[in-house]
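Each protein sequence line maps, in turn, to chains A and B. Residue numbering for the first sequence follows our numbering, starting at 1 and increasing by one per position. Residue numbering for the second sequence follows our numbering, starting at 1 and increasing by one per position.
Calculated from the structure, these hints are not laboratory results. Any given hint could be a false lead.
Quick look at which bits of chain B chain A covers, simulated, 3 or more residues with Cβ under 8 angstroms [claimed, not checked]:
1) 8–20
2) 28–35
3) 107–115
4) 146–154
Note that the structure is predicted; figures quoted are calculated from it, not measured. Ideal Cβ positions, reconstructed from N, Cα and C, are used throughout, including at glycine.
Number of protein chains: 2
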Amino acid sequence: MPAASPDPHRRSEQSRRAILAATVELVGDLGYEQVSIEAIARQAGVGKQTIYRWWPSKGAVTLDALDESLDAVVDFPDTGDIVADLRTQMLGVSRLLTTRVGRVYQGLVAAAQSDPRLSRAHLDRVIEPAVLACRRRLATGVERGELRADIDLQGLIDLLYGVIYYRLLLHTRPLDDDQIDAVLEIAFSGARPGRPR
Amino acid sequence: MPAASPDPHRRSEQSRRAILAATVELVGDLGYEQVSIEAIARQAGVGKQTIYRWWPSKGAVTLDALDESLDAVVDFPDTGDIVADLRTQMLGVSRLLTTRVGRVYQGLVAAAQSDPRLSRAHLDRVIEPAVLACRRRLATGVERGELRADIDLQGLIDLLYGVIYYRLLLHTRPLDDDQIDAVLEIAFSGARPGRPR
């Protein structure tokens, strides 16, 4: 492979990937507040104007970097076992958020509290597609009789993912696998006694 | 009552209350990023140095304002019905967060993402006492046989309150009473079919 491709599309794609990787690296190591577009450009080996050509702001490039990082873990398998499949996906998300990506996400949510456009873009790009995918997988579980037909799917989704964001954003304790097992156990079996096992 | 009390303790307390009320009003209306200590002092009718005498930073005074606002709603009743009592407390918290206090809390959590001391103070002052109170009320429910004895209390607490922070901080949709009913229904009855009602 040549060191510099003569194909401008490929070169653009290389720059784009370098910028997103530099964003995860710098924001993940230093924190969102501490990182400038200039520093991202320097780390990525591109000019600042290259970043501004594609992204209007640090929030926008950070959102893209987060979105691409999450792409690897957001899909739901369908093995026919709804709890196992939710567990696979939720462990993937939770473990990813114990890496630099977690700090990137903390910075993005912090910035979104005072930036309604960034908040809206985060919902449109990250949350709503993930919620839709989860809702589809849960609906299949309802069809197969693995969940009761009257379950509030939106309520169940809020409950399952709420615990991940609770630890990520309030820093009560580190995200871990046990938390995912605990939420699935309670959400599926319920807290009342006398439940048939 | 005299317009200005000659008692210095009472005057201090009046100033303290005015400062916390001004913080909720300004941060709740304008957002945390937009508000300065100077603006809070002006709104409260005190000198800037009065605020700095009691609080080291905007984050610290905002945390106190939040903590005092939450004081009115964090206690758990004990009527002997664990679901009803959780519902009372959670609705109180959720409804309070639909007022200016919600925006104050969003600002505080945003600031805490890049301020570990503020994050630690938030846990110490707000989250941990609330979690302890909830754990005690849940433990009473376990003793009385309203919850199964092997329930993961920490997991249940994460799950119940996670949904409130999920909507507050991700802005997926406004906090509402239905969400509290949905999480309690799922958490106690479980998502699996065939549960005896």
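Handout entry: Given coverage of the region 8–20 of chain B by chain A, tested with a Cβ cutoff of 8 angstroms and a minimum of 3 residues
Key = As far as the region 8–20 of chain B goes, the hint is violated, because 0 residues have Cβ atoms under 8 angstroms from chain A.
Handout entry: 8 angstroms C-beta criterion, at least three residues: is the region 107–115 of chain B covered by chain A
Key = As far as the region 107–115 of chain B goes, the hint holds, because 7 residues have Cβ atoms under 8 angstroms from chain A.
Problem - 8 angstroms C-beta test of the region 146–154 of chain B against chain A, three or more residues - result: holds (count 7)
Exercise for the section: Mind taking a look at whether chain A covers the region 28–35 of chain B? Criterion is 3 or more residues with CB to CB distance under 8 angstroms. Expected result: holds (count 4)
Against the hints set out earlier in the document, a violation occurs for number 1 only.
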